[in-house]
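In the order they appear, the protein sequences are chains C and E.
Note that the numbering used here has the first sequence beginning at 1, numbered continuously upward.
Note that the numbering used here has the second sequence beginning at 1, numbered continuously upward.
Since the hints were made in silico from the structure, they are not lab data.
Chain C side only, calculated, beta carbon under 7 Å to chain E, not exhaustive:
hint	residue
1	H22
2	W23
3	D25
4	Y64
5	I65
As the structure is a computational prediction, the values presented were derived from the model and not from experiment.
Backbone N, C-alpha and C fix where the C-beta goes; we use that ideal spot for every residue, glycine too.
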Amino acid sequence: MSAIGTSWGRYPHARQAVVPLHWRDAALPSTEGNMLPYGNGRSYGDVCLNDGGTLLHTRGLDRYIAFDPASGILRCEAGVLFADILDFAVPRGWFLPVTPGTRFVTVGGAIANDVHGKNHHGAGTFGEHLLRFELLRSDGTRIECSPTQHADLYSATIAGLGLTGVIVWAEFRLLRIASPWMAQETRRFANLGEFFALSAQSERDYAYTVAWIDCAASGDSFGRGLFFRANHAPVTAATRTPRQRRLAVPFTPPFSLINGLSLRAFNELYFRRAREGNAIVHYEPYFYPLDAVGEWNRIYGPRGFLQYQCVVPPAAAEAAVTELLKRIAASGTGSFLAVLKVFADRAPAGILSFPRAGTTLALDFPNRGAATFSLLDRLDDIVAAAGGAVYPAKDARMSGVRFRQYFPHWQSMLPRIDPKFSSGFWRRVME
Amino acid sequence: MKKILIIGATSAIAEVTARIFAARGEALFLVARNAERLQAIKADLDVRGAVRTATATLDVADVAAQQAIIDQAERELGGLDIVLIAHGTLSDQGECEKSVAALRREFEVNALSTMALLTILANTFEARRTGTLAVISSVAGDRGRQSNYVYGAAKAAVTAFLSGLRQRLAKSNVDVLTIKPGFVDTPMTANVANKGALWAKPDAVAAGIVRAIDKRRNVVYLPGFWALIMLVIKHIPEAIFKKLKL
Ligand SMILES: Cc1cc2nc3c(=O)[nH]c(=O)nc-3n(C[C@H](O)[C@H](O)[C@H](O)COP(=O)(O)OP(=O)(O)OC[C@H]3O[C@@H](n4cnc5c(N)ncnc54)[C@H](O)[C@@H]3O)c2cc1C
Ligand SMILES: NC(=O)c1ccc[n+]([C@@H]2O[C@H](COP(=O)([O-])OP(=O)(O)OC[C@H]3O[C@@H](n4cnc5c(N)ncnc54)[C@H](OP(=O)(O)O)[C@@H]3O)[C@@H](O)[C@H]2O)c1
Chain C
1 MSAIGTSWGR YPHARQAVVP LHWRDAALPS TEGNMLPYGN GRSYGDVCLN
51 DGGTLLHTRG LDRYIAFDPA SGILRCEAGV LFADILDFAV PRGWFLPVTP
101 GTRFVTVGGA IANDVHGKNH HGAGTFGEHL LRFELLRSDG TRIECSPTQH
151 ADLYSATIAG LGLTGVIVWA EFRLLRIASP WMAQETRRFA NLGEFFALSA
201 QSERDYAYTV AWIDCAASGD SFGRGLFFRA NHAPVTAATR TPRQRRLAVP
251 FTPPFSLING LSLRAFNELY FRRAREGNAI VHYEPYFYPL DAVGEWNRIY
301 GPRGFLQYQC VVPPAAAEAA VTELLKRIAA SGTGSFLAVL KVFADRAPAG
351 ILSFPRAGTT LALDFPNRGA ATFSLLDRLD DIVAAAGGAV YPAKDARMSG
401 VRFRQYFPHW QSMLPRIDPK FSSGFWRRVM E
Chain E
1 MKKILIIGAT SAIAEVTARI FAARGEALFL VARNAERLQA IKADLDVRGA
51 VRTATATLDV ADVAAQQAII DQAERELGGL DIVLIAHGTL SDQGECEKSV
101 AALRREFEVN ALSTMALLTI LANTFEARRT GTLAVISSVA GDRGRQSNYV
151 YGAAKAAVTA FLSGLRQRLA KSNVDVLTIK PGFVDTPMTA NVANKGALWA
201 KPDAVAAGIV RAIDKRRNVV YLPGFWALIM LVIKHIPEAI FKKLKL
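Given only the sequences and the hints, what does the whole structure look like? Please build it.
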C-alpha cells in the first residue's frame, strides 16, 4: 500500500496531518490550517496533496447505502473503491458507467476529477452518470446536490478538485452488462492520419476506443501505434475467469529504471509482439493492465515522475499532436505509455471538467529535474497555442497563467470553494 | 444460511467480518450502543447480500439488559449458529493507575460484560449442542505490560474464561474460539501516530476470523505471525522482562 499523503507520481513531496474519516454522520475535525479530502492518492501530482495542512482520509467511508437491482442505481459512501464496486456489481450484471485506467480510485476522487475512460465518445465523464451527492462543508452544513438542487455547487464539486467540501456519499447509475468479458479488436496504424481515420470509423460501433502510440519512433515509423476498440461481450463469449496475477514492485530502487535505451527497446518489443485481430479478454486486463503490477510507479526511483495529459481541439489536433510528439521524441525521454484518444463534444459536467472536444495525449516522464520541467513548459506552449488544456489530476507543475487559459471559467469556482479547504495544486495555480 | 449475532457490531473489525458473512448470504443481528451507525452498517450489509439483518442497541456494561437482547436476537433470526463478541475499549492506562473507578469501568466493559454474555449464551448453546462462540480477546492478554496492563488484564480474564468454557462445551459439540489480534488499524487505535510494519488492516483480521470459525479452530493469532512474537514475549524471564520498555 502506498503511503497516505503521497500521490501516484511520488512528486511533489508534501507534509500534512492525516485525519481518517470513518462515519458518515461524524463532523469534520476542527483544524488549525486548511484541509483537503484525500481519496486513494491515484492522482499523479498535487491535487490530492495539502502541504502544511490536513488531509481528510476518506477511505474509511466505504459503505454501500442502497442498490436497486432493477435500475442499477447505486448509492454509496465516497471512500468506496471502484475495485470494490466491480467485485460487487459484475457478478450481478452491472458495470461502472465510466472508469479510468486504474480501478483503485474512490468514488469521491472520481467525482472530484470528473474522470473519463475509453468510452468518453459515447458515455462522457463519470460526472455525467451521477444523480446526486451529499457535500459536508467545514461549517458543519450538509448539502444534498443534484442537477436540480444546489446546481451551482453540484457543477462546482464535479471536477472541483476537493475544494468545495467533502463528498460524503454519492448516487449514480451503473451500466448493464451481459458478461465480464470484452470483445476487443487490435489494429496497427502507420501514422497519425490513420489513427484519426480509425477513430472516426470506430466511434459508432465500439463503446471503447483508445490507442497506444510509440513516441520513441522517428522517420518512417513516426506516429505508428496500435488502435484498440472494444465492446462488452455477450454472455456466451468465454467461460474461464482469470484471476489477474499480482506482481508488485517491492521497494523503490535508488535510481530510475526508465531511460532512453530501455524505453526504445520496450517500445520496439511491444509494437512487434502486438497481434492484430480479434480477441475475447476479461475486463480486468482490458481496462486495468497496469493494476496487475502493484506500485509500478516505484520503478521511476525516488525522484518520481510526471505525467502529462493534454487535450487539443479537433481542428488543431493532428498538427498539434504531431508537434508534441516531435518535441517529445527529440527529448528522448517520453515513456512507453503514450495514450491517444479522441474525446467527443459534450456539455461538461463540472466547471473545471477536463475532457472537451478534441484529441487527448497522455504519457509519463521520469523526473530529471529542470530539463523535464522545461520540456513540459514547451509542451504547454504547443497546447495553449492550439487552444487545448492540461489535466489537473495528472499535473504537478503547470503555471497559474496556463491553468487560467486552460480553464477559462475558473472564476466561477471561487464563491463555491469552502473557505477552510485548499490544496497544493490550487495554491500553485492561483499564484 | 447461518444465523449470526454480533456484539460490538460497529467495531471496525466486526464490521468487515460482517461484510464477509453478508456476501455469503447469512442472516445477521447487530448489537452496539450507537443506533445511527448500526443503521449505516445494516444498510451496507443488506446491499452486500445478507439474507436478513436486524439491529438493537445495548450498553454491554448493563449486564441486566443482556438477556433480553439475546432473546430478541434468537427470536428475530429464529435461533443462533454463531455469536461474535467484538466490543471493547482501549483503556487509558494512566487514568486507570490514578482511579479505581476507571479501572473498574474498564473491567466491566472489557471483561465482565463479555463473561456475562458468555454465561447466558453458553447455556443455550450447550442445550442446543451446536454452534460457535467467537470472542475477540487480544495479544495484550498474553502478558501484562506496563503500557496497558489494565486492558491486558481484562483480556487475560476473557482468554482464561474462554479456555475453561471451551473444555466445558467441547462435550456439547459447541466451538469456542479465542481471537487474539495484534495491532490493528481501527478507530480504537486512531491516536497511534506511527503505524509500522506490525500493523494490520481490519480486512486481514476479519478474513482470519471467518477462516477460524469455518475451520473450527480453538485459538487464533491474527495475523498469524503474532503467535511467534507472543511465544517469545511469554518466555522472557520475569527478571529480564521487568526491565524492558514494552
Ligand atoms: C494508472 C492510472 C491510470 C489512470 N487513468 C485515468 C484515466 O483513464 N482517466 C482519468 O480521468 N483519470 C485517470 N487516472 C487518474 C485518476 O483516475 C484520478 O486521479 C482519480 O481522481 C484518483 O482518485 P483517488 O480516489 O485516488 O483520489 P485522490 O487522488 O486521492 O484525490 C483526487 C481529488 O479528489 C478529491 N477528493 C477525494 N475524495 C473526495 C471526497 N470524498 N470529496 C471531495 N473531494 C474528494 C481530492 O481532494 C483530490 O482533489 C489514472 C490514474 C492512474 C494511477
Ligand atoms: N485495534 C486493535 O489494535 C485491537 C487489537 C487487539 C484486540 N482488539 C479488540 O478487537 C475488538 C474490536 O476492536 P476494534 O479495533 O474494531 O475497535 P473499534 O472500531 O473502536 O470498536 C469497538 C466497538 O466496541 C463498541 N463498544 C465499546 N463500548 C461498548 C459498550 N459499553 N457497549 C456496547 N458496545 C461497546 C463500540 O460500539 P458503540 O460505540 O456503537 O457502542 C465500538 O464500535 C475489541 O475487543 C478490541 O479490544 C483490537
